[in-house]
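Q: Here the sequence shown is numbered in my numbering, starting from 338 and rising by one per residue.
Just so you know, not all the hints are guaranteed correct.
If you anchor each label on the Cβ, the simulated ranges turn out as follows [what the hints assert, rightly or not]: (1) 423 x 618: 43 to 49 Å; (2) 363 x 401: 53 to 59 Å; (3) 622 x 431: 46 to 52 Å.
No more than 30 Å apart at the CA atoms, straight line, and that leaves these computed lysine-lysine pairs for DSS-like [what the hints assert, rightly or not]: (4) 647 x 605; (5) 482 x 543; (6) 647 x 543; (7) 620 x 605; (8) 456 x 480; (9) 494 x 456; (10) 605 x 543; (11) 480 x 494; (12) 620 x 647; (13) 480 x 605; (14) 605 x 456; (15) 456 x 543; (16) 494 x 482; (17) 543 x 480; (18) 482 x 456.
Hints listed in this document are in silico derivations from the structure and should not be mistaken for laboratory results. Think of the CB as a built atom: it goes at the ideal place given N, C-alpha and C, for glycine as much as any other residue.
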Amino acid sequence: MPTALLGVMGARACGVRVTPLRRVSMRQLMAVYSAVWLLGAGWFLSIAPMQTRDWQPEVGERLSYTRAADNPDIVTLHNVRNFDWRTESLAETRWQTRTVDLSTLSGIDIVNSYWMGPKIAHTLVSFRFTDARPLTFSLEIRKEKGESFSALGGFFKQYELSLIAAEERDIIYTRSNVRGEQVYLFPLSGIHQSEVRGLFEAYLQKADDLNRTPEWYNTLTSNCTSIVFDMARVVSGNRLPYDYRIWVSGWLPDYLYEQQLLTPTSQKWSMDTWYLRAHINPKVTSLTYQANTDAAVFSERIRQGLPTPKLTATARAAAQQTP
338 MPTALLGVMG ARACGVRVTP LRRVSMRQLM AVYSAVWLLG AGWFLSIAPM QTRDWQPEVG
398 ERLSYTRAAD NPDIVTLHNV RNFDWRTESL AETRWQTRTV DLSTLSGIDI VNSYWMGPKI
458 AHTLVSFRFT DARPLTFSLE IRKEKGESFS ALGGFFKQYE LSLIAAEERD IIYTRSNVRG
518 EQVYLFPLSG IHQSEVRGLF EAYLQKADDL NRTPEWYNTL TSNCTSIVFD MARVVSGNRL
578 PYDYRIWVSG WLPDYLYEQQ LLTPTSQKWS MDTWYLRAHI NPKVTSLTYQ ANTDAAVFSE
638 RIRQGLPTPK LTATARAAAQ QTP
């Protein structure tokens, strides 16, 4: 009989409690595992986003704004992007200053750009004005030079969050014509001017927040669609219900359709008709970068065949309107 086993038997015979070696090893292993996990979690939580990195040109500047001292409706935005895109990696960079009058906001268009199948899309929001061309906001990852997007990396603090304000001839053209993504524009109906302004102000507040404290992009909880939806729910008095299609962003237009937020027509369109009419690519396929010089012309072109909804008279009517 092995000596070790004889020793254990002898100890038990004398009334001494013996702890099995396997149990001791498992306890030690669990203690080490827990300590390592806690150290790793602490390290991960301590990683802070930064404002100063070697950013790619298209996210190299941060949006800011000022208001006219005598009229808070007059907002001047600084670092509005208006690039001339030749290829996905080659563009003439141009950051501009643009002044808008919030009292002339006339509507919202949701733009979905499909870059990886029918379920995954990047969501942009274009604001229309009665006296000026549209302006688009886009919440994006802030990539460093040489960095590419990874949905998995987006869960683990790989990218900072960036807010871009841009001309449509830049931020939509680069997706439809340069990257070859399939892009759709949906004008919203049943909304009030106060809701349009509220969402615009929410973007300005987001710019303030990011300039004060940088944030991480998160593939699930802080992405281009979920953040917009959260802002929209606030300014609409929470009349928009939560839905899984907020996270499956490619299906967002179907959600808007069910919520009666797509423009009613004299003959109600099916969702298939909406996708056909809203598709931007066929309208701009032949547009070269040399010809894409007029921002107003580009904005008119991508809205061909689409209605331009009017704002509702009251906020209550916005909540009750049906197609």
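Q: Give a verdict on every hint.
A: Checked hints:
Distance hint for residue 423 and residue 618: a CB-CB separation of about 18 Å, inconsistent with the stated range 43 to 49 Å. Between residue 363 and residue 401 the C-beta distance comes to about 57 Å, which sits within the given range of 53 to 59 Å. Between residue 622 and residue 431 the Cβ separation comes to about 24 Å, which falls outside the hinted range of 46 to 52 Å. Under the criterion of a C-alpha separation no larger than 30 Å, the hint pairing residue 647 with residue 605 is consistent with the structure, at around 17 Å.
Between residue 482 and residue 543 the alpha-carbon distance is near 24 Å, which keeps this suggested pair within the 30 Å criterion. A threshold of 30 Å between alpha carbons decides the hint, and for residue 647 with residue 543 the separation of about 27 Å falls inside it, so the pair holds. For the proposed pair residue 620 and residue 605, the alpha carbon gap of about 23 Å is at most 30 Å, so the pair holds. The hinted pair formed by residue 456 and residue 480 meets the criterion: a straight-line CA distance of about 23 Å does not exceed 30 Å.
Between residue 494 and residue 456 the alpha-carbon distance is near 23 Å, which keeps this suggested pair within the 30 Å criterion. This hinted pair does not check out: residue 605 and residue 543 have alpha carbons roughly 36 Å apart, beyond 30 Å. For the given pair, residue 480 sits about 12 Å from residue 494 by alpha-carbon distance, which is consistent with the 30 Å threshold. Pair hint residue 620 plus residue 647 holds up; C-alpha atoms about 23 Å apart against a cutoff of 30 Å.
A distance of roughly 42 Å separates the Cα atoms of residue 480 and residue 605; the hinted pair therefore is violated under the 30 Å criterion. For the hint linking residue 605 to residue 456, the alpha-carbon distance of about 25 Å falls within 30 Å, and the restraint holds. For a cut-off of 30 Å, the pair hint linking residue 456 to residue 543 stands: about 26 Å separates their Cα positions. At roughly 17 Å between alpha-carbon atoms, residue 494 and residue 482 fall within 30 Å of each other, so this suggested pair holds.
Of the supplied pair hints, the one linking residue 543 and residue 480 holds, its CA atoms being roughly 19 Å apart against a limit of 30 Å. For the hint pairing residue 482 with residue 456, the CA-to-CA distance comes to about 28 Å; that is within 30 Å, so the pair holds.
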